[in-house]
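A.B. asks: Sequence order for the protein chains is X and B. Per UniProt numbering, residue 1 is the first one in the first sequence, and the count goes up by one each step. Per UniProt numbering, residue 1 is the first one in the second sequence, and the count goes up by one each step.
It cannot be assumed that every hint is accurate.
As the list claims (entries may be wrong) - In silico EDC-like links for lysine to aspartate or glutamate, alpha-carbon gap of 16 Å or less: (1) B:K314 / B:E98; (2) B:K3 / X:D128; (3) B:K314 / B:D160; (4) B:K246 / B:D74; (5) B:K226 / B:D264; (6) B:K3 / X:D82.
Just so you know, the hints here were simulated from the structure itself, not pulled from any lab data. In this text, all values refer to a predicted model and were calculated from it rather than measured experimentally.
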Amino acid sequence: MPVFKTPFNGYSVRFSPFYESRLAVATAQNFGILGNGRVHVIDLSPTSPIINELIAFDTADGVYDVAWSESHDSVLVAAIADGSIKVYDTALPPHSNPLRSLKEHAREVHGLDYNPTRRDSFLSASWDDSVKLWTLDRPASLRTFREHAYCVYSVAWNPKHADVFASASGDCTVRIWDVREPGSTMIIPGHENEILSCDWNKYDDCLIASASVDKSIKIWDVRNYRMPVSVLNGHGYAVRKIKFSPHRRNLIVSCSYDMTVCLWDFMVEDALVGRYDHHTEFAVGVDLSVLVDGLMASTGWDELVYVWQQGMDPKAA
Amino acid sequence: MEKAINRQQILLQHLNPSPPSSSEQNYNSALSASACLAGDSAAYQRTNVFGDDVVIVAAYRTALCKSKRGGFKDTYPDDLLAPVLRALIEKTNLNPSEVGDIVVGTVLAPGSQRVSECRMAAFYAGFPETVPIRTVNRQCSSGLQAVADVAAAIKAGFYDIGIGAGLESMTANPMAWEGSVNPRVKQMEQAQNCLLPMGITSENVAHRFGVTRQEQDQAAVESHRKAVAATASGKFKDEIIPVLTKIVDPKTGDEKPVTISVDDGIRPKTSVSDLAKLKPVFKKDGSTTAGNSSQVSDGAGAVLLMKRSVAMHKGLPVLGVFRTFTAVGVDPAINGGGPAVAIPAAVKAAGLELDDIDLFEINEAFASQFVYCHKKLGLDLLKINVNGGAMAIGHPLGATGARCVATLLHEMKRRGRDCRFGVISMCIGTGMGAAAVFERGDCTDEVCNARKVETNNLLSKDVR
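Extracted from the complex, chain B is given alone in its bound form (with noise of 0.2 Å):
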């Protein structure tokens, strides 16, 4: 550092030199040197060049509605991605033709039928038929599983510009299981719980792990109130697409035009006494209820990711950096601990700390899980799911990754530079978690990337 400071005395000098002892005083005392108001620890202001991150320009969602009852019950799913997809374009100003490819996250529905819905709903957006689309399905990570997938193909140089989208209408595709078991599950255990209803190991994790019915429903409770503060104070008006579609009176069957814009599943006025009264869904002395579980929901979302070169190249602002994302493997059984997992393992794999992570977007897919999995790694509950979570905003299986970029990075964005690192987790059915790490758009550090890169010694003897 010895250096540095003496460079800095340097060219202080040349700025405010000490008047020589002959001449007259006749300098611009107005300039005067001060210390860095930052603090010693302040990462200050450093551009950085690495043009080879893959970074997210713009991510995007729709409004996510209640099932069978709420604003998209009589929306096709393609429209509800259409849009999605549209705005991405739109709003970076982006020529379609130059995207690579289009992957969306996407669980229930038909295989080759939603791949040929999505592929309707890109030209609806406006992509020529130069532009590929596929699924991509793992459960309920689809749609974060998408945006890595997406991530990985630029850094393999398959095309510098992707989008990572998700989709689901349990309107359309309800949970099912079309066709008979294989008798076989009865002879495995892990095999025979793949078909545990999600409710039940909900219950599982509950019972393990000691999760109350008081703690559950506490968090239901919080989790309405944060998305209740988010949706009035307008933050999602940046990330939320309107979708105009229609809603038909399930009575006289008449059709009504309708612009969605709002999160139609939270519950502004929720409470732990409301929440008592209801009764235990899955299990008879249960506590995992309608309340303390995820909504079942509709709803789209979409990721623009580039190289950061090329992102430049076009001027587009950064909104945030891919970093890592990992997928493990846990009891089917209790799988709602797949964050506990997967987000020390995505975190580790950054090359970070989980002290280093300053916001999380934990999926609530029940509050069973999402309370085992902050108690057991220790996290600030101020740091998780700051706007709400999917108890009461929803989640669409195959949407909630993509939704959740958009979620976790815009209020990266309004937090500024305190927020660095950004973590989204959620549990798998079947036994999986996933988590994925990202970065503030503009304050990367080069001097101190996240991921330590071992060929790259060209950093100077005083940073080492």
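Chain X with its partners taken away, still in its complex shape (with noise of 0.2 Å):
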């Protein structure tokens, strides 16, 4: 299975909408604490488990997500701990890169988020409490939303309604938006602890998924959000990222500060359905691709990026 090693600690991966074989890997020296960063765009190589470099952008700070346009398909944006985003394109020579820095966040852009309905926009989630709505053709973001208390970590639209978003937040709640509305149209206090991860199931609006540090993932239905639909419990720390799988309904992908990356059907009484221990580090990263079905990609402080088709051995030659 392919393996990239990354100069600095993996932050986040995401696969491009638009190539089944590329992915961007977020990545910052020093665990993100102190030092630069650096975006990596990648290329699987169709014949041999060979993963190269197509470009790489480096920055003055770590960056920790990074998220592909929708509208472009050479164009992503990275979420840096100065807390700026900066839009890169790789079709443009690299001195043209950054193409534009977006600076209002007062401290770190922690998640990022396409819009894959509208393709125009994107949200970003910072450690300022506050989440930014964003378009590329202009300087400035669109809104701010701010209502949460503590950092938000994760911000994610909606599939189907292209207006929709939530987020996840230090604050222990998640909150659902409506850009058209205001404040946020639904709270929800699913954790004793801080949410660091949220995403929406790909096949049921209304059903959303958070990852806490209380090591559970909680699928919760946004029209009856008292009691979660389900529990997800087997990790042994915080878990940092959660995905649910574009292609199966059930399924959800998380990775976690044990270092795992585990497989989740939540309807099914025994829900773990596969468990990846390749990291030797905190695992941080996990992306699931749109074009390919089962390839899932994950990256971790361990400098490594992995990219396998489920149920194979992420680490088997």
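Starting from two chains that each stand alone, build the complex the way the hints lay out.
C.D. replies: So this is what it looks like as structure tokens:
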């Protein structure tokens, strides 16, 4: 299975929505605490298990997240720990990059998500407790959503309703917003501890999952959010990122500080269907490919990016 | 630093959350944050990304043997070079055809003949005809100059992988002057001084800078003592390549196959009183004797250099990083002072201070110049020639520089993280000095790289 070694510690990995074999990796020096960062754009080779780097962009501070544009196949945005968001175009030479630097957040930008339906806008989640809405053609944010009481770690657009998104925060809540509304439309006090990630189900637009420091992942139905639909326990430490499968209705993947990547079927009693312990440091980034069924990628602080087919051993040669 | 501390705290809260007031305490209390054991000023592990650094991936040498009487007295020079070149290939599994050039420092042999011999040695070592080879001669620094030339060529982009080597058989080529001397030298003292025997320049240094016989003999004893200890503890086993050769009995003419893997110039029981008995060789009431001079030896050394990116791509461990090289000129009559000028120049070029250097290999051409240099620079003796020097091990002129690279880098590797920078230096006959700065393979710190790069402004504000 292909492996890519990054010089810095991995923070996030995302498949390109346009090219099956292309990924972007966000990395930060010294575990993202101090130093520079780098965004790698890598290509899987069809024949051999070698991953080639297409291009890399250096940044002055760590890169915590990266998201591909849904409108242009060579554009990606990177969330930088110094509070800025950089827009890159892989089709342009290195000296023309970054295209733009969007600096409005007062603290680290931790999460990004590009709107998959409208394709023209993206959200940024920051440790300054706010979420901002941006489009690529404007230098300033369109809107700022400020309600959370602590760091916002993650933000996710609803795959069906183009104006709805959710945010996960260290104030232990998941908030659901509609960009047409002034404030949040729903507050899910889902956990007793910080919530590090949230994601919408790709087949049921009312299901949302939250991953928390309390080591659990909870699946909620927004129509009845008092009780979770399902609670997924099994990680040994805080769960860092979750993603619902674009191909299977009930499948969700998670990665955790316990260095494992887990696959769950939340409709089944014994939900854990797969566990991959290939990382030797915190597994902090995971993604499922939209274009290739079952293709998944993960990255961690051990400076490695693994890409593998679900069911296979990520470390197999 | 505020930001860094805040980020750290946020991460810590993910792992060891303070329990919320309402719920029961059911967290894994086996996890707790603790202060960094290395202390505030520790340079903790950072990976480095300067792919265009020139790194040394392997460095080996033959044992050094006394000329005319020692283990290599019946060995052809190319048979000295071939084994170390071969070792570089075998131990790194490198494809020899990928080597861009081989540069061999070598001093006393006739130029063209020696280049041909080196070419033959490369063939014996398994290099294909497509790999070129050349020699370089800056007298005693030739081995180091060869390594520096290869590093410079790699930086210039001529090739990505190169070998810097050194070779000298003072049995085959004793010090000599062919042909007549241009009478013009009499008109210029400096030119005439280029003809001074090295021993006389040693006496000049001893006399002018007041290095006593006692001090010189003591330095020689120390050199032997350290070399004996190093050999006994097996330290040289990492760097010495055994050479299978022959010894011819001078009386009977019988040939005996031998494997030479130990320096045979080292004298275990050297003492100051023994050395005091030796008569000065170069000047009647002088202080330079056979005991406190470097030995006349045969030997070879080779160093494999490449770009760091290439080493990483091949998965080769990095033994050391080549940082700077400086050659300086000094008065030919006291050429022993070369290192005293070259070392500060090379250290400064690396963006460092003398105090930053953790280990030195200063060639002990003569105890007089060695003592003068370390006193002039105020260096800590405990950092210099820790495994002995040329007085005990030997000084095959062209090989010394390359041999010192092997000895220095292997010792730095043994010493671990404490030992970050090393310097090799030697004086050079006819009035020069050379020095080079090396860094340990795995502890370069790109937040604080040894050489300030003006164009690199990507460092985050916290670091500046």
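A.B. asks: Which of the stated hints cannot be reconciled with the structure, identified by number in ascending sequence?
C.D. replies: The structure conflicts with no hint, since it agrees with every one listed earlier.
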